[in-house]
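Protein chains: 2
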Amino acid sequence: MKTGNGARPHVVIVGGGFGGLEAAKALECEDVRVTLIDRTNYHLFQPLLYQVATAALSPADIAAPLRAVLSECRNMEVVLAEVQAVDVNAHCVKAGDVNVGYDYLILATGSRHSYFGHAEWERLAPGLKSLEDAVEIRRRLLMAFEFAEKTSDEAARKAAMTFVVIGGGPTGVEMAGAIAEIARYTLAKDFRHINPSTARVIVIEGQPLVLAAFPEDLRKSATKQLQDLGVEIRTGVHATDLTDEGLKVGDEFIPCRVKIWAAGNTASFVGKSTGAPLDRAGRVIVNDDLTVPAHPEIQVVGDLANFPYQTGEPLPGVSPVAMQQGRHAARNILAMIDGRKPQRFYYWDKGSMATIGRNKAVADVHIFKTSLHLSGLIAWMVWLFIHVLFLVGFRNRVAVLFQWAWAYFTFNKGARLITRNFQAELRPPA
Amino acid sequence: MKTGNGARPHVVIVGGGFGGLEAAKALECEDVRVTLIDRTNYHLFQPLLYQVATAALSPADIAAPLRAVLSECRNMEVVLAEVQAVDVNAHCVKAGDVNVGYDYLILATGSRHSYFGHAEWERLAPGLKSLEDAVEIRRRLLMAFEFAEKTSDEAARKAAMTFVVIGGGPTGVEMAGAIAEIARYTLAKDFRHINPSTARVIVIEGQPLVLAAFPEDLRKSATKQLQDLGVEIRTGVHATDLTDEGLKVGDEFIPCRVKIWAAGNTASFVGKSTGAPLDRAGRVIVNDDLTVPAHPEIQVVGDLANFPYQTGEPLPGVSPVAMQQGRHAARNILAMIDGRKPQRFYYWDKGSMATIGRNKAVADVHIFKTSLHLSGLIAWMVWLFIHVLFLVGFRNRVAVLFQWAWAYFTFNKGARLITRNFQAELRPPA
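Chains as they are written, first to last, in this note's numbering: chain A, 1 to 430; chain B, 1 to 430.
Source of the hints: derived by calculation from the structure; they are not laboratory data. Remember, it's a predicted structure, so these values are computed and weren't measured experimentally. Just so you know, not all the hints are guaranteed correct.
For chains that are exact copies, the list does not tell them apart, and a pair is met inside one copy or across any two.
Below, a list of computed lysine-lysine pairs in the DSBU-like style, where the Cα atoms sit at most 30 Å apart [as the list claims (entries may be wrong)]:
1) K158 / K129
2) K189 / K272
3) K158 / K341
4) K272 / K94
Could you build the full structure based on these sequences and the hints that come with them?
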């Protein structure tokens, strides 16, 4: 494969998510050649994926074409390909029938859902990692209401209007809140034979409270805010069986048509081929400078990395960690090229937040060495500000802001499209 | 199937395009029950579909959920279903396993592409009628550039960068212009191994000039404007064979990867079950009041109708005809309920237009009994004004305007997403 001028060191970045894209940007117009490999042609702003799944935003609103983001500097090349493995001895990445050699490698391939050994659950309860996932979940949500409107079977109607989110982390909480809002506000007047606001939304969480990573007062506040939206929260229980007709939680069977998976991740398989030690979730246990043991030319960032040196626990799989690690890895490479050593990585934790709905959110903001616990309207406004600020590309930012403003004032959501074949969905599950 | 209160006359409208939606709106809050049946859950603003296919707009920008558009009046019900047939004797419409009885029926199911007996060409050269079509064409266009960037086979690269549009009507002209603009402006800096602005765009048209329905001076102007964008126009020839590798035009074989079909329509099969006379394109030959012979309770509007009484020729399959016929059909029904006769339909032809690109268009405007021929910037501004004015729903209008303004000033197009599995596309055709 041609990769341009061979004189300058060649940096290969695998993955165009938050970690990989930040690394690439930090190397723009530096004296290196950079090849960014991704299996999609866009950078996805994953924290807003649940808004595509719930018809508030369009796929293009939260995705920026990688080639466009990185078009300015001629030292930067984008390759659309799926990487299968790394050959650490040959210094080469295998992507389909193409091999890309590297001098320095940054692996940022992220994670997928983990179904804890129940791969057959994926079809029944899709997770939310890709645009395709989001559009599929949107279709299932909207089709459930369509089915309920049509059926004359009361039990089937109830099951269609019961939505279960498995997992009470940020994604689960955001999905549950957004589904409750769609049912109560957006669709309120749309049907003639059902009342969408009677839909049940249930969150299943194994811990005693949702949002395990948050301080306890915010976890309680989030619970209260979800309940205000009518969301039922079942804590301390696990989904033990999933079928087309519903799911089993402890001894109870909940009949429901739409189930969404927001519980647990497993790291991308690409980490394995580095030969580095992996943790139970498949993450690469990196050195404290993000390099891989015995291979200082390879660094791992973001959800694929297990970095336990700062808190004793692995850093969480959130975008600020990935972005800071991506930038750090880029700096390390420039240092190594200059003959210096890679530096230890320190995560600057500015806090975390989760949105629940209109004027509803929780935020744990770390500022001036104190931790500020916000909830409700003020947390929601902080969330809004930060998310618009970090959306990649001016166009997306304005487009998203406009659609949010529109939705806020009208309670309407514009992207309520059911695409692809839906005939099978109109029939009750066999 | 439940259809509400049985006392008032029941009007069933099949199809939520321009004709069906206008008919429904004209019956809102009137003393009738209305059931609108469509196989999608949205009204599609079809004249802008080519902008989704060329990555300028997102699907949701040009689609409005039918339930939302018609939610205000309780006499209006929307049913998501695909109609298979009409039983004119039983006064009933068959949709899946559901029968919907009617007192009055408006058929507005439109048309699909016609491949003139070559059904196998559909896979090779998709047409542009649905959102799914548009997203598929967008994927093929963007993947062709990705493939060209990767391949080292010079002939395959040339074929990937050759785009052929079959048919030089408004859709063909708009597609060709938009592809040329994407290649020359939007993607100009995105690649490292190809120069997108060297892409060839070819329009195949059987007539001596493109835009057969326009006055000759505008047809010549459109030709000139397309050529200014670098589009090659082959007139007086037909595609005689299509393969994965290219297409045959007369004696010449043009190697090309992406082919788009914009030649010829065939009416929806639903018309046939009315028992009314059909023309060669499958359209129902209606009476001069839009009713079907022997069935005054059934009216046919839009692309499905052949209305030859005004000009001697069938009225063209454009949205103004469908909208005016839809409103007329609604008025006819209210008249018949009052014991009056349905009235003859007259089409008020305000002209027609086609856009070619940035500041490029032709418009034939009928005003004060004269015909005004516009081209270039002024025609483009008229086109812009009319299209934004008629976009359904305030939100879509503002969203589209914003994205156009953004694209106009930056030459950028925001919706450049390749979704679904693309691995097969990265390999050369077998």
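Hints, one by one, checked against the model:
For the identical chains of this complex, K158 and K129 are intra-copy neighbours only, at 28 Å inside a copy versus 36 Å across copies, given an alpha-carbon limit of 30 Å. In this assembly of identical chains, K189 and K272 lie within 30 Å of each other by CA distance neither inside one copy nor across copies; the values are 51 Å within and 36 Å between. Proximity of K158 to K341 under the C-alpha cut-off of 30 Å is found in neither arrangement, the shortest distances being 62 Å within a copy and 46 Å between copies. Taking the shortest Cα distances, K272 and K94 sit within 30 Å of each other inside one copy (14 Å), while across copies they are farther apart (56 Å).
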